[in-house]
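Given the structure of chain A, go ahead and fit chain B onto it with the hints provided.
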Amino acid sequence: MISSPAGLISFRVKAEKRYDVFEAQCPETGSSPVGTVYNKDLLYQDLCSFLCVDDSSEEDDDEDLRKTEDRDGFLAGAHMVDSIHTAASAEAYFDLYSQTQVTSNRTLAALQGPRLDVDLVRSVLAKLIPGHAKHCKVLMDKHVTLFNNWMLHMCCGFNILLHGLGSKRDLLEQFREKHLIKFSHLVVNGYFPSLTIKHILNAITEDLMKSSKGFTNTQAQLEYIKKEYINRDEDMFLMIHNIDGILLRSDKCQAILSLLAEIKGFHIIASLDHINAGFLWEQMKYFRFRWLWYETPTFASYGAENFYENSFLVQQSGGLALSSLAHVMRSLTPNARQIFLVLAEYQLENGDSTSYTGMSFQGLYHMCREAFLVNSDLTLQAQLVEFKDHRLLKAKKNFEGVEHLFIPIDMATLKEFLQDYKNHTQSA
Amino acid sequence: MPLPCYHVYLSVPLPETERKTSAQVKFELWISCMMRMNEQSSIFMTVNTLGCFAFQGTTKRAKEKDYLPISSDKCVVNRLQLYKEVWDELQLHIDMLRSDLNSKIFDDLISFTAQCHKARHGKSRVSDAIGEIPTAVLITGVNTPDHGIMFSNLDSMLKSRVTPLVARILTKDCSRISTLISSLISQLTCVAAPQEEESDEASNIEEKNLAGDSLVQIKVPVKKRRSPTMSNLVKWYKKEFPESRQATSVSPRKRAKTDVLSDESKDSQTPMDENDVKSKKKTIIVVMLEDAENVSPSVLQDFISLCSTHLTSLPIVLVMGIATAVTAIHQILPSSVSSLLCMQKYQAPPASQYLTQLLDKIVMAPELPFKLGPKVFHFLLDIFLYHDFSIMNFIMGFQYCMIEHYLNNPLSLLCCLKQDFSSKTAHLSHAQLEDIRRQPAFMRYVEHQVVGPDQAKLLTDDSFTRTHLATVLQNLSQYHTKMFAGLHFLHHLGLMLPKFPLGKQFRELYSVCLSGNHVCDSEGYKESLQLLRMMSLDDLCTLLESGVGLIAEWKDSSSEIGKLISDVQSFIHRLKNIEEEPDESLEEQDDTKGRVLPQRAKLYELKEKLQSLSHRRYKSPYEKLRDEIIDNLHNHFKILLGSPLLQPLHEIFYFNDLSSIKEHIKAAPRCSTHRALVQPGKYLNCVCCQCEPESILPTMPDLCIVYKLHLECGTLINLYDWLQAFITVVTADEASSSKSKKNRKTSQRNPSIELQARFIRAVSELQFLGFIKSTQRKTDHVMRLTW
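Just so you know, the protein sequences line up as chains A and B, in that order.
The first sequence begins at 118 in our numbering and counts up by one.
The second sequence begins at 112 in our numbering and counts up by one.
The shape of chain A in the complex, shown without the other chains (with noise of 0.2 Å):
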């Protein structure tokens, strides 16, 4: 509990500590001015809670607990706020930032065998049992219960947003199962790595409104949604798993998303699961969502969730290179793309050799002068910066005092990024 006023204005400046952290987690925020007090205000509210500085008294709450128990005594541990005194507070904060850090200097090499790779873990985890499967099969019965509910209520207005531990994907598939098979409805993977919000708006006018327009921007795709179904009588459901993925951090994403659920007709039912994704909305999006939040625990492993995710211990799979790829690409350049791709032809071509070391620069210079691409070796160093920058590009000189440069991508994840690129700028 904070009490002085001391107190909370050193809390209020952690909080927004707290927020840079979040904002430096998805560069894509472009925040308005006013949205960014917002954000801080909402995550201000959330820590709020969070450290139990509540504005009901105990009493009350101890009061609603027990309600909440004789309601449907199972989720004895959902309302516990009181009995888990949460250590975090102002001064541990400052506490763990002022400690100089000490840690050993033992490394994983220490590790006898090599290093897995994505494909074993895989499978050694496929064959693993998880525990407490009868619990957590309880756990879901109990969540199965509340379907009628979150029906109901999209059908009053709302929109429904599950959160808490656990992967909500197979809640979520059984909820689509039983009652939106019979009703149109739109399923986003949203922590999937290559996903755009002109992917969504896509589906929904190409396979679900049948239209063959094309569309040059957001904007006028989501004017066109918006008409065309003030006249249709007719219910749109969307299903996000992971509203707070990688892709959908963007501000534009969130506030395309949440002009959709303003739609009449569209309904939303979504998860997340980053802590801090409450802070994805200013107050605009987040009255235009209507959010009711359900809490619903699953303890299951982030399965599909977590496929992409690069992890520490293991070689590295490509699945978010590609992603971060596809968006450097994006804000590049013409003429900056092109050299990435003469790159990255040329180390498809050549990539298969051990010897291979990368493209001279001299060679990459060379290419491109002769398709227009670069005056000089300077520009051509000014346009490869960025790429260096985002880790797409590495340069080492090899025995001779020469720079190569090389992709630090794996060749799969490579042909398959110029393919999909060649099909977009096909289709753009």
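Where hints are given, some of them may not hold.
Selected chain A positions facing chain B (in silico; Cβ < 8 Å) [as the list claims (entries may be wrong)]: (1) His-252; (2) Asn-265; (3) Val-305; (4) Ile-317; (5) Phe-332; (6) Trp-410; (7) Pro-414; (8) Asn-423; (9) Phe-516.
In silico DSS-like cross-links for lysine-lysine, where the CA-CA straight-line distance does not exceed 27 Å [unchecked claim]: (10) Lys-270/B x Lys-381/A; (11) Lys-195/B x Lys-299/A; (12) Lys-511/A x Lys-884/B; (13) Lys-295/A x Lys-472/B; (14) Lys-381/A x Lys-283/B; (15) Lys-472/B x Lys-215/B; (16) Lys-884/B x Lys-369/A; (17) Lys-344/A x Lys-299/A; (18) Lys-327/A x Lys-666/B.
What the hints contain is simulated information worked out from the structure, not anything from laboratory work.
C-beta atoms are modelled at their ideal positions from N, C-alpha and C, and glycine is treated no differently.
Relative to the frame of chain A, chain B by itself:
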């Protein structure tokens, strides 16, 4: 057009596809891939190009009644119906309130926009040459979610009253000047589209044609598509509104004349364009920038300078929404640009005032049957005042409370509008009555508050119960009218007191009343009575008069209020004729003369005597009357202001189940994740994981163990050590049984692949949840993101 996200590089033969859409097939494929992936991970690369899946449905609309909670409760359908009726009624009230609230400022603003260009042309040519754009700055206050509605109201009002040419520029259009202009032009030309004829030449500007079908069609851009520039807009404007050109082409002298004699000018112009009614005055273009602070300064600057240069041909009026203060404009714009604006400030009523109105008229009004109980009331109010300051959110919360009330409380079947009381109770079926009788609240009522033979009758006799319920409802409604009238009167008295012991806002007093204790027992009430006892004659008189005026509308609603009003009125009369009050001072003086202090007395006797004397100090007739008034009022308040929670069967109207709505409206996702990680046993309800929050058990899920271990670390975590700790915890049981130290050590050095894989999974899940992230600061370390 093929979509990149639908490429499945699998040579699996497609199953029969007659009924399924292609996306469905792809989805099933993908699912099967996910399943197989566990066995054969090599397929992985082929499936990761799928992001979203669309399914065409067969049913169009989802109906609420299909999803009612499955239970024996049969009346829930009726209650849902009732909810809709009451909610519609409420929505009507809210809409009315909203339009009332802004009406004044909107009227001012609209007359400004209508007048500004007229006045402009009365001025000399010089000011035209400078090109000051008439600008209405609307200070909206920090309350963003509600602003959209406000501006759309303003939009429709402007369109109906001033000019059809109104453009709303949203922040999303303002990334570049070109998008801004094109949005402006498309909005303006779209408005004018129905007016022009099909064969009109202007149709080569891209437009949305509303003239044809009811369906909205967007015309395919014609080959000679004009680029969206201001000069094109000017051309279009001149073509569409030729009368404006006439207006501009008239000589300055004539222009001045037309303004001075506006009536005459109308007469003189009408013959020219008899067909067009709008030709009487120039058609103004209104451009609304909803959130001017959010527009990037350079775009705004460009836009303003553009507008000012074209001002002679385009009569533009800007309406800027500002969240903070007018100074913000000067901060955004350099003086060279801001000097182009001729600003007029309009202050929208702040959100808190809106809330007060809303609460007074809707939440705390006797008309609406549904009421919030103290806990829920405070909860929603706190969210508004301390978190979001948004009325829309408040209304949403209120709506959710209403749904919950009607769905979960069988007694709410009776929670209807006042005029329906008798019909509603008369039409109760036997089953519904039985349902009501089963309610604990009803049982309590019968047991404690009904005496004699009625008790049994209430439980058995249907028709008797119906009439009885009708009277109970009537009583409750009577009570509400009384209470609100009394509260308003008391609040009015409290407003005049120093330091406002009863609170400035009516809601504060109301919440005291809601909280369960009688208002007359509260500290604030006692204090305010004491302060009232010190009031001067003039103040008290005017206060009572205005107070009576306030509650006069409830005069006929109940006898108690009538009595209060008549009492107060007689008091006012007596106060005004204070000279006629009997003055007891003469007798008093006699009395005191007779009671001279005894010559010789014991000390305590003297003390008592003196005390009694001081008590009987002189009171003026006014002071006596004042005491009488206050005592009388106190008695009235005692009768009027009983807590609603003490009323019989108040459960019909009051929703007080905070726990059921709190977690849905104001959830703390991070908190719940933390709880689940720290005490998995509480959620899983298993015997093996029950422990204190601090301790770690090997039976817990891997993720919980890894999380708890990471809580012990600083900002950096060594992965190797973390892995070792994990293995130690997980293998604690085996280790204690085998007890061979050496064996354990080797297992530490060389953990099984299975353990490693479990650890890897747990760590990457923690990363996914946002607790840690990778770092380059030290090899094989991760950074902690929480503290």
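Does Ile-317/A meet its interface restraint, that is, does its C-beta lie within less than 8 Å of any C-beta in chain B? holds, 5 Å
Can you verify the interface hint for Val-305/A: is its Cβ closer than 8 Å to any Cβ in chain B? holds, 4 Å
For Lys-295/A and Lys-472/B, compute the direct alpha-carbon distance and say whether it is at most 27 Å. Roughly 43 Å separates the two Cα atoms, so the pair is violated.
Keeping to a limit of 27 Å between CA atoms, is the pair of Lys-381/A and Lys-283/B held or broken? holds, 21 Å
Minimum Cβ distance from Pro-414/A to chain B below 8 Å? Pro-414/A check passes; min Cβ-Cβ to chain B is 5 Å, inside 8 Å.
For a C-alpha distance cap of 27 Å, please report whether Lys-195/B and Lys-299/A respect it. holds, 25 Å
Lys-327/A and Lys-666/B were given as a pair; does the straight-line alpha-carbon distance stay at or below 27 Å? violated, 63 Å
Interface hint for His-252/A, Cβ within 8 Å of any Cβ on chain B: holds, 4 Å
For the hint on Asn-265/A, just tell me whether its beta-carbon gets within less than 8 Å of chain B. With Cβ-Cβ at 5 Å, under 8 Å, it holds.
Quick check on Asn-423/A please, does its C-beta sit within 8 Å of some C-beta on chain B? holds, 5 Å
Closest C-beta approach of Phe-516/A to chain B relative to 8 Å, hint status: With Cβ-Cβ at 26 Å, over 8 Å, it is violated.
Less than 8 Å between beta-carbons is the criterion; does Trp-410/A satisfy it with respect to chain B? holds, 3 Å
The structure does not agree with the numbered hints 5, 9, 13 and 18 stated previously, though it agrees with the rest.
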